[in-house]
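Q: Letter by letter, the chains look like this.
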Amino acid sequence: DQQVKQNSPSLSVQEGRISILNCDYTNSMFDYFLWYKKYPAEGPTFLISISSIKDKNEDGRFTVFLNKSAKHLSLHIVPSQPGDSAVYFCAAGGSGTYKYIFGTGTRLKVLA
Amino acid sequence: SQTIHQWPATLVQPVGSPLSLECTVEGTSNPNLYWYRQAAGRGLQLLFYSVGIGQISSEVPQNLSASRPQDRQFILSSKKLLLSDSGFYLCAWSVQGFDEQYFGPGTRLTVT
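These protein sequences, in sequence, are chains R and X.
In terms of the numbering used here, the first sequence is residues 1 to 112.
In terms of the numbering used here, the second sequence is residues 113 to 224.
Since no wrong hints were added, every one of them can be taken at face value.
Per the computed footprint, the stretches of chain X lying under chain R, defined by three or more beta-carbons under 8 Å from a beta-carbon of chain R, are: (1) 142-155; (2) 210-222.
Taking CB as the label site, the calculated pair distances span: (3) X:Gln182 to R:Lys109: 35 to 43 Å; (4) X:Thr222 to R:Pro9: 19 to 27 Å; (5) R:Thr45 to X:Thr222: 20 to 28 Å.
No wet-lab data here; the hints were simulated from the structure.
Cβ coordinates follow ideal geometry from the N, Cα and C atoms, glycine included.
Kindly produce the complete structure, drawing on both the sequences and the hints.
A: Written out as structure tokens, the structure is:
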């Protein structure tokens, strides 16, 4: 059973527009969430995180929103740039447990 | 600054052969260390994690084992590879007490 789901395997967005990547989880014990970006043949790069005590966290062009009641988080990229084209993974876990469950990823393509 | 190294970058091995993948971290002490596998079309699956020398936690029963002979060295091994062991293997580290994990470049393993 997949505890962390990214239901959109791919997404295409025009350069300059907003990219919204979604992630759903099932375990209400998860209290820390992370987003990673991955280029082909490379390891994932940490992007941004959010604790369950918050509903929003911003870092430059990246904002993560958390809706605990819906067990849903999303990553917004504004404005989207061609260099943002990559696979994005969300991960969820219990803070300090060291064990994070990763989604299957969403491939974002930003069109110039 | 901290860096994480993995080698080899790619590996092709026959079924039944042994495996040894190495990961080392520089620029930090007493990190948490992790081994993940990404199979084709799947998310990142946590295989092992370690919070200290000689301490290994296994997340998935399988044909693989891990060891941590030194503080910043993490080794993934197998005595006899199976076809299903093919995948992209990633090593990661985190600071004790913090949830963000930082990944190495990965090893592409193909078992033939």
